[in-house]
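S.K.: The numbering of the sequence shown is this note's numbering, which starts it at 1 and goes up by one.
Because the hints were derived from the structure by calculation, they are not lab data. As the structure is a computational prediction, the values presented were derived from the model and not from experiment. Be aware that one or more of the hints could be misleading.
Pairs of lysine to aspartate or glutamate residues, derived as EDC-like cross-links and limited to a Cα-Cα distance of at most 20 Å, are as follows [what the hints assert, rightly or not]:
#	residue 1	residue 2
1	Lys116	Glu145
2	Lys116	Glu88
3	Lys197	Glu184
4	Lys62	Asp99
5	Lys127	Asp117
6	Lys62	Asp83
7	Lys116	Glu168
8	Lys116	Glu21
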Amino acid sequence: MVTPFPAGFASPDFSRPLDVEAGVSQLPIGSSIKGMYLQSVVDLCVSTGRPLPPRPVYTAFKDYPLVDHIRLLVEAARLVHPDVPLREGLRRIGRSTYDVMAATLIGRVVFGVLGKDIARVTRLVAKAYEISGRGMTATLVDAGEDWSQVRLEGHTCLVDSYHVGAFEGVLRACDIEGEVRLHEVSPTTTDLFTVWKNAPR
1 MVTPFPAGFA
11 SPDFSRPLDV
21 EAGVSQLPIG
31 SSIKGMYLQS
41 VVDLCVSTGR
51 PLPPRPVYTA
61 FKDYPLVDHI
71 RLLVEAARLV
81 HPDVPLREGL
91 RRIGRSTYDV
101 MAATLIGRVV
111 FGVLGKDIAR
121 VTRLVAKAYE
131 ISGRGMTATL
141 VDAGEDWSQV
151 RLEGHTCLVD
161 SYHVGAFEGV
171 LRACDIEGEV
181 RLHEVSPTTT
191 DLFTVWKNAP
201 R
């Protein structure tokens with residue numbers, strides 16, 4: 001039996017308009033992200049035959065302004081997924097986020113030994129966000145055999161699109177099916193509740 005979602009958690013509406021500039025204006029001062037995530041977006045566009053305008057090569061573990069990543073994501077989502085709403089395009093790009101981290105040297109050290117064990121991977125969510133940049137923190141609120149509740153605090157820009165996709169990407173990497181729902185705790189805090197099934201025992 002799959003664990004039911006708690007009251008207050010709703011499925012994201014990926015068809016809603018997204019005010020990117022409003023989100024960017026609320027970013028905490030000093031928000032940053034590692035270059036590997038920007039470079040992965042550039043590489044994704046190249047691999048789909050829809051390259052972005054020329055950009056410098058981003059250094060994997062160098063810090064770049066988070067606003068640059070957000071604008072790059074938005075540009076790429078519109079380019080690679082022109083036939084779906086912007087939030088849906090961002091969600092799809094977000095699904096590759098875990099793979100980007102796991103492919104790095106530090107990712108192989110931290111996550112490589114975990115294989116497809118979704119429960120063990122989930123317990124390291126705080127470390128994953130800590131490694132990835134500054135401006136948002138992740139806390140594992142609680143977890144069970146087939147579910148987890150993670151609290152994202154800091155900037156809320158793209159939480160209900162790109163970050164949902166990132167959590168879906170973990171499910172995909174572990175070869176299991178699942179669903180992610182959201183609950184806005186405050187303007188700067190959102191809880192993501194993930195339920196999965198068919199996890200290896």
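S.K.: A separate judgement is required for each hint: does it hold in the structure or not?
M.R.: Hints, verified against the model:
no.	hint	result
1	Lys116 - Glu145	14 Å, holds
2	Lys116 - Glu88	26 Å, violated
3	Lys197 - Glu184	25 Å, violated
4	Lys62 - Asp99	18 Å, holds
5	Lys127 - Asp117	16 Å, holds
6	Lys62 - Asp83	33 Å, violated
7	Lys116 - Glu168	14 Å, holds
8	Lys116 - Glu21	37 Å, violated
Hint compliance for this structure: hints 2, 3, 6 and 8 are not met, and every other hint is.
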